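Protein chains: 2
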Amino acid sequence: MKDLKALIRGVPDFPKKGILFYDITTLLKDPEGLKQAAREMLEPFKGERIDKIAAIESRGFILGGIIACELGVGFVPFRKPGKLPAQTIREEYTLEYGTDCLEMHRDAVSPGERILVVDDLLATGGTAAAACRLVEKLGGVVVGCTFIVELTFLPGRQALPGRRLHALMEFDHE
Amino acid sequence: MKDLKALIRGVPDFPKKGILFYDITTLLKDPEGLKQAAREMLEPFKGERIDKIAAIESRGFILGGIIACELGVGFVPFRKPGKLPAQTIREEYTLEYGTDCLEMHRDAVSPGERILVVDDLLATGGTAAAACRLVEKLGGVVVGCTFIVELTFLPGRQALPGRRLHALMEFDHE
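Order-wise, the sequence lines are chains A and B.
Counting from 1, position 99 in the first sequence corresponds to residue 99 in our numbering; the numbering is continuous, with no gaps.
Counting from 1, position 162 in the second sequence corresponds to residue 162 in our numbering; the numbering is continuous, with no gaps.
Calculated from the structure, these hints are not laboratory results.
Heads up, some of the hints might be wrong.
No distinction is drawn between identical chains; accordingly, a pair holds when it is met within one copy or between any pair of copies.
List of simulated lysine to any residue pairs, SDA-like, C-alpha gap at most 25 Å [stated by the list, open to error]:
1. K5 - D51
2. K35 - S110
3. K16 - P44
4. K35 - R106
5. K46 - E32
6. K16 - E43
7. K16 - L165
8. K17 - R90
9. K83 - P31
10. K46 - L95
11. K46 - E96
For clarity, every value in this text was computed on a predicted model and none was experimentally measured.
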């Protein structure tokens with residue numbers, strides 16, 4: 001068993017001065033770390049019915065694909081506006097300044113399907129909350145959301161009240 | 001065994017009028033299709049030494065992660081400019097109008113490492129060619145490039161002379 005937290009690299013002043021960025025690429029390039037992360041992200045949801053993995057563009061795609069294969073279920077993407085070619089639904093969410101948007105194909109989720117939402121990072125929770133709303137708009141059931149990293153100095157959990165959230169590690173400071 | 005080509009959806013007039021877009025999301029959401037695609041993308045490179053999977057943002061990440069886990073190797077991303085937090089190298093490539101850019105972390109590949117490049121689509125080949133150059137700039141060896149879809153009405157193979165290229169299916173018209 002690897003210490004996954006030790007595989008994360010802190011990069012100072014990215015994307016801007018004063019921000020410490022938690023870089024997961026150093027974990028992803030470690031063969032054991034990659035497999036173990038996928039296994040542990042799934043751990044609390046094991047034994048439950050999960051019909052699909054829905055992952056958030058773009059770092060969420062890496063672990064999302066692996067987890068879908070591991071479970072033997074299909075993979076569906078949440079994407080930024082204009083990237084998905086067929087009929088979509090859309091949810092806005094608030095950023096520090098202004099708003100952003102997430103889209104999902106209308107046929108990505110069928111009513112009653114149980115969906116596990118995957119992303120790399122739980123920060124303010126806005127993106128994950130929008131992702132959950134998209135699943136529910138299509139009649140799906142959100143089993144929970146699973147992340148590699150949770151930034152506990154940001155109010156991510158408050159943005160996702162009543163959701164089952166799982167993260168492999170926490171960072172409590174920028 | 002699934003007919004993977006039958007799982008691809010043609011979406012007319014996306015991203016613009018007159019273009020038929022080959023949508024892989026209908027393959028990704030099929031549990032067997034997803035697994036089989038990963039297996040078949042790796043097929044011609046089996047039995048060779050591959051040290052890492054390098055996948056192109058963002059649809060390449062989905063199969064890239066799965067193939068890395070399947071092989072038991074690490075995963076490294078190629079990303080659009082400004083997304084990777086640590087020290088990067090960069091390669092430009094030509095688009096229909098203007099140029100675009102791909103980046104890779106300097107520590108993503110070590111000299112002598114053998115890299116399989118993964119993306120969803122071989123179209124003009126510009127992005128994949130830039131990806132190969134990035135690997136070689138860092139002293140890596142490109143084992144080959146593997147794709148889900150090849151658009152044979154575009155000159156993708158000409159952009160990648162001498163490279164080992166593999167695609168699961170071809171489409172010969174827009």
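Hints, one by one, checked against the model:
For the identical chains of this complex, K5 and D51 are inter-copy neighbours only, at 23 Å across copies versus 29 Å inside a copy, given an alpha-carbon limit of 25 Å. For the identical chains of this complex, K35 and S110 are inter-copy neighbours only, at 21 Å across copies versus 29 Å inside a copy, given an alpha-carbon limit of 25 Å. In this assembly of identical chains, the alpha carbons of K16 and P44 never lie at most 25 Å apart, being 35 Å within a copy and 43 Å across copies at closest. In this assembly of identical chains, K35 and R106 lie within 25 Å of each other by CA distance solely across copies; the values are 23 Å between and 31 Å within a copy.
Proximity of K46 to E32 under the C-alpha cut-off of 25 Å is found in both arrangements, the shortest distances being 20 Å within a copy and 20 Å between copies. In the homo-oligomer, the alpha carbons of K16 and E43 never lie at most 25 Å apart, since the shortest distance is 34 Å inside one protomer and 43 Å across protomers. Within a single copy, K16 and L165 get their C-alpha atoms no closer than 28 Å, and across copies no closer than 39 Å, so neither meets the 25 Å cut-off. Taking CA atoms no more than 25 Å apart as the test, K17 paired with R90 passes between copies only; the shortest distance there is 22 Å, against 32 Å inside one copy.
In this homomeric assembly, K83 and P31 come within 25 Å of each other (Cα to Cα) only across copies, at 22 Å, whereas the closest approach inside a single copy is 30 Å. In the homo-oligomer, the alpha carbons of K46 and L95 never lie at most 25 Å apart, since the shortest distance is 33 Å inside one protomer and 45 Å across protomers. Taking the closest pair of Cα atoms, K46 and E96 never come within 25 Å of each other, the shortest separation being 35 Å inside a single copy and 47 Å across copies.
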